[in-house]
Amino acid sequence: DAKTTQPTSMDCAEGRAANLPCNHSTISGNEYVYWYRQIHSQGPQYIIHGLKNNETNEMASLIITEDRKSSTLILPHATLRDTAVYYCIVRAGGGYSTLTFGKGTMLLVSP
Amino acid sequence: DAMVIQNPRYQVTQFGKPVTLSCSQTLNHNVMYWYQQKSSQAPKLLFHYYDKDFNNEADTPDNFQSRRPNTSFCFLDIRSPGLGDAAMYLCATSRGGNRNTEAFFGQGTRLTVV
Chain S
46 DAKTTQPTSM DCAEGRAANL PCNHSTISGN EYVYWYRQIH SQGPQYIIHG LKNNETNEMA
106 SLIITEDRKS STLILPHATL RDTAVYYCIV RAGGGYSTLT FGKGTMLLVS P
Chain R
7 DAMVIQNPRY QVTQFGKPVT LSCSQTLNHN VMYWYQQKSS QAPKLLFHYY DKDFNNEADT
67 PDNFQSRRPN TSFCFLDIRS PGLGDAAMYL CATSRGGNRN TEAFFGQGTR LTVV
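Each protein sequence line maps, in turn, to chains S and R.
If you read the first sequence in the working numbering, its first letter stands for residue 46, the second for the next number, and so on.
If you read the second sequence in the working numbering, its first letter stands for residue 7, the second for the next number, and so on.
Hints are computed from structural coordinates only; laboratory data are not their basis.
Here the structure is a predicted model, which is why all the values come from computation and not from measurement.
Be a bit skeptical, because a hint or two may be false.
If you only want the chain R side, here are some residues facing chain S, beta carbon under 8 Å, derived [unchecked claim]: (1) 56; (2) 92; (3) 93; (4) 100; (5) 108.
Just so it is clear, CB atoms sit at the ideal spot from N, CA and C, and this is done for glycine as well.
Work out the full structure: start from the sequences and follow the hints.
Take a look at the structure:
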């Protein structure tokens, strides 16, 4: 699976949009971009995934660049409960594959 | 309703005393995973089952074993826990097959070795 690079930490004010970047310059054509988050002392939680089109669900939006070498997870109105470590993971498609976690981004949402 | 259930949430064991952690799922997923997460680190995959097929990661110590008696249950056995095995242990499931689907995680079992 391709490696990902994320900032170690980010801050966001409550109510503002949180934009979390991820670089995956070696991504291959059949690899998906997945985002998970892990709130302190809990198991990771799935957020969203995409292949090349932008995706949106009730939690977040995922913007993938046209060359697919980077992506951005957007939390449109961050709340204090969004404080967590966010993991961007590239995962092979076309069948099941395991998740390999990188170091992730610690997002701190402040009042 | 919880879909991936890990018991217990907290486990204390003695140095060298075998310990078993359990995971159950109500999703009927083919794949079950065990991850180890040490303090301030990312989860690290130990092994996984696709149905009854066991897949061990190359760097998983022999001290760690797993059993999956049926679709719903999976166990992590640590034969002789050392102080370095203190960690959060996470179980996850995914559907498998030909579809790229998300994995669902349990809340983890935090293991303390004394």
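Outcome of the hint check:
About 7 Å separates the beta-carbon of residue 56(R) from the nearest beta-carbon of chain S, less than 8 Å, and the hint is met. Nearest Cβ of chain S to the Cβ of residue 92(R): about 15 Å, over the 8 Å cut. The hint is violated. Below 8 Å, beta-carbon pairs count as interface contacts, and residue 93(R) has none with chain S, the closest being about 13 Å; its hint is therefore violated. With 8 Å as the threshold, the beta carbon of residue 100(R) comes within range of chain S, its nearest partner Cβ sitting at about 6 Å, so the hint holds.
A least Cβ separation of about 4 Å between residue 108(R) and chain S falls short of the 8 Å threshold, and the interface hint therefore holds.
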